[in-house]
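Participant: Residues per chain are reported as follows:
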Amino acid sequence: MSVAEFDLKRNLLIRAKHNSELVRFITELAGDRRITTAAFTVIGAVKRAKLGFYDQEKHEYHEITVDSPHEIASCIGNISLKNGKPFVHAHAVLADKSGKTKAGHLLEATVFAAEIHLREFKGKKLEREYDEETALSLWKIE
Amino acid sequence: MSVAEFDLKRNLLIRAKHNSELVRFITELAGDRRITTAAFTVIGAVKRAKLGFYDQEKHEYHEITVDSPHEIASCIGNISLKNGKPFVHAHAVLADKSGKTKAGHLLEATVFAAEIHLREFKGKKLEREYDEETALSLWKIE
Amino acid sequence: MSVAEFDLKRNLLIRAKHNSELVRFITELAGDRRITTAAFTVIGAVKRAKLGFYDQEKHEYHEITVDSPHEIASCIGNISLKNGKPFVHAHAVLADKSGKTKAGHLLEATVFAAEIHLREFKGKKLEREYDEETALSLWKIE
Chain V
-9 MSVAEFDLKR NLLIRAKHNS ELVRFITELA GDRRITTAAF TVIGAVKRAK LGFYDQEKHE
51 YHEITVDSPH EIASCIGNIS LKNGKPFVHA HAVLADKSGK TKAGHLLEAT VFAAEIHLRE
111 FKGKKLEREY DEETALSLWK IE
Chain C
-9 MSVAEFDLKR NLLIRAKHNS ELVRFITELA GDRRITTAAF TVIGAVKRAK LGFYDQEKHE
51 YHEITVDSPH EIASCIGNIS LKNGKPFVHA HAVLADKSGK TKAGHLLEAT VFAAEIHLRE
111 FKGKKLEREY DEETALSLWK IE
Chain E
-9 MSVAEFDLKR NLLIRAKHNS ELVRFITELA GDRRITTAAF TVIGAVKRAK LGFYDQEKHE
51 YHEITVDSPH EIASCIGNIS LKNGKPFVHA HAVLADKSGK TKAGHLLEAT VFAAEIHLRE
111 FKGKKLEREY DEETALSLWK IE
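Protein chains in written order, with the numbering used here: chain V, -9 to 132; chain C, -9 to 132; chain E, -9 to 132.
Just so you know, these hints were derived from the structure itself, not from any lab. From the three backbone atoms N, C-alpha and C, an ideal C-beta is built for every residue, glycine too. One or more of the hints may lead you astray.
Taking CB as the label site, the calculated pair distances span [said to hold, decoys possible]:
1. V:114 with E:22: 15 to 25 Å
2. C:-8 with E:75: 40 to 50 Å
3. V:38 with E:87: 17 to 27 Å
4. C:14 with E:55: 35 to 45 Å
5. V:21 with C:74: 27 to 37 Å
6. C:10 with V:114: 37 to 47 Å
7. C:75 with V:49: 50 to 60 Å
8. E:75 with V:50: 37 to 47 Å
9. C:9 with V:114: 44 to 54 Å
10. E:73 with C:125: 47 to 57 Å
11. E:21 with V:119: 25 to 35 Å
12. C:53 with V:120: 45 to 55 Å
13. E:122 with C:124: 44 to 54 Å
Negatives, chain E to chain V, calculated, CB over 12 Å [said to hold, decoys possible]:
14. -8
15. 40
16. 49
17. 55
18. 77
19. 121
20. 122
21. 123
The shape of chain V in the complex, shown without the other chains (with noise of 0.2 Å):
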């Protein structure tokens, strides 16, 4: 089993800023505040965004377009490091004024409003590595 184990620092409550682009907001943050391994989630609204589908055999992701507001109706993410630097990894469901959702991975997302809740870990820092299998860089965990 591949297994990390950490011990909780804090949690943190975070306002985006409005306007911002909330995966580069929160990997800023992780940058400014020198955090390494944390698990979040994110509940608000976004003016657009733009998720991803993996496709399993072509090993690439398809873009899926929201050009219009929709609520965060759930956001769940990571954050670990890739190349030495924090890593933002979120999925999202977002739906529309009639409830009707569109989601997957998260590549970015306009911010109207959004609040975050991030447990930032101590412990032993968590890289992320080429995985041959899925071609995805996946954590390295031994």
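Using the hints, position chains C and E against chain V.
Facilitator: Leaving out everything else, chains C and E in the frame of chain V:
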């Protein structure tokens, strides 16, 4: 960056009462146990629910009525203070018999069965205040 | 109110095995590491899956087959004891190439890649017991 830091108090696993209204149930729980700051997730099922979509232009909630049994496929929320009282903010993804979803801001939901995982925080109180730009009550974090 | 309190033991970040069945993977992990109470989230992708919708009248699960690759846009779950053994209860939102979702109770899922964030609790054991009203195994909390 607008970040509030908290230490973790306890993890609570809670069985919501059959036929209770979920948002009120969590709000009353917070009041009874003097919980002022928390983050939570819920899974379970509802008999019916009301979701909201915030109109980013008109600055008002549009209601989405869900008048049949649905699974709570996801529910992510937090507790902070609004006018000095515990205030619950939650978003949910609901799923019907065919797996089809409706999602958004959780206005109310009648519980069939629901399991809540709540993390209570200790630290400075976190208040909501009116935000001009969005016309929403957002976290006051300096 | 039915509330069980726990202290946090560790945060585990886990890379689920390619081609493993996710619910069994987490159940076996719990058995191997003697985890009796926990809460977790998962993001990633599945090759195929089976979701459930609980019929609140007939008191039986209706199965929803997802027979193509999907992103795990959200997965929220917990571990407690059922008949003295670790039992996994999870709900998921899956998304296809166009971002369209299927969601519900997670019966099984074949992992393409999946990142699990699990919070292990210490404290009194939490058992499930048969609940007359819903015909489900719910948490026994007095």
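Participant: For every hint, state whether the structure bears it out.
Facilitator: Structure-based check of all given hints:
1. Between residue 114 of chain V and residue 22 of chain E the Cβ separation comes to about 20 Å, which falls inside the hinted range of 15 to 25 Å.
2. Evaluation of the 40 to 50 Å hint for residue -8 of chain C and residue 75 of chain E yields a pass: the beta carbon distance comes to about 44 Å.
3. Restraint check, residue 38 of chain V to residue 87 of chain E: a C-beta distance of roughly 20 Å satisfies the suggested window 17 to 27 Å.
4. Judged by the Cβ atoms, the range 35 to 45 Å given for residue 14 of chain C and residue 55 of chain E holds: they are separated by roughly 36 Å.
5. A hinted range of 27 to 37 Å holds for the C-beta pair residue 21 of chain V and residue 74 of chain C, which are about 36 Å apart.
6. Distance hint check: the CB atoms of residue 10 of chain C and residue 114 of chain V are about 43 Å apart, consistent with the given range 37 to 47 Å.
7. The given range of 50 to 60 Å is respected by residue 75 of chain C and residue 49 of chain V, whose C-beta atoms sit roughly 51 Å from each other.
8. In this structure the hint that residue 75 of chain E and residue 50 of chain V lie 37 to 47 Å apart at CB holds, the actual value being about 41 Å.
9. Between residue 9 of chain C and residue 114 of chain V the Cβ separation comes to about 47 Å, which falls inside the hinted range of 44 to 54 Å.
10. The given range of 47 to 57 Å is respected by residue 73 of chain E and residue 125 of chain C, whose C-beta atoms sit roughly 52 Å from each other.
11. At about 28 Å, the beta-carbon gap between residue 21 of chain E and residue 119 of chain V stays in the expected band of 25 to 35 Å.
12. Between residue 53 of chain C and residue 120 of chain V the beta carbons are some 47 Å apart, a value that agrees with the proposed interval 45 to 55 Å.
13. For the hinted restraint 44 to 54 Å between residue 122 of chain E and residue 124 of chain C, the CB-CB distance of approximately 46 Å keeps it satisfied.
14. Residue placement check: residue -8 of chain E keeps its beta carbon more than 12 Å from all beta carbons of chain V (closest about 24 Å).
15. Every CB of chain V is more than 12 Å from the CB of residue 40 of chain E (nearest about 18 Å), matching its label as outside the interface.
16. Annotated as non-interface, residue 49 of chain E keeps its C-beta farther than 12 Å from every C-beta of chain V; the closest such distance is 27 Å.
17. At roughly 18 Å, the least C-beta separation between residue 55 of chain E and chain V is larger than 12 Å, which holds for a residue marked as non-interface.
18. Here residue 77 of chain E stays apart from chain V, with its beta-carbon at least about 19 Å from theirs, past the 12 Å limit.
19. Every CB of chain V lies more than 12 Å from the CB of residue 121 of chain E, the least distance being 27 Å, so the non-interface label holds.
20. The Cβ of residue 122 of chain E lies farther than 12 Å from every Cβ of chain V, with a closest approach of about 32 Å, so its non-interface assignment holds.
21. Against chain V, the non-interface label of residue 123 of chain E holds: every CB pair exceeds 12 Å, the least being about 28 Å.
Of the numbered hints stated above, none is contradicted by the structure.
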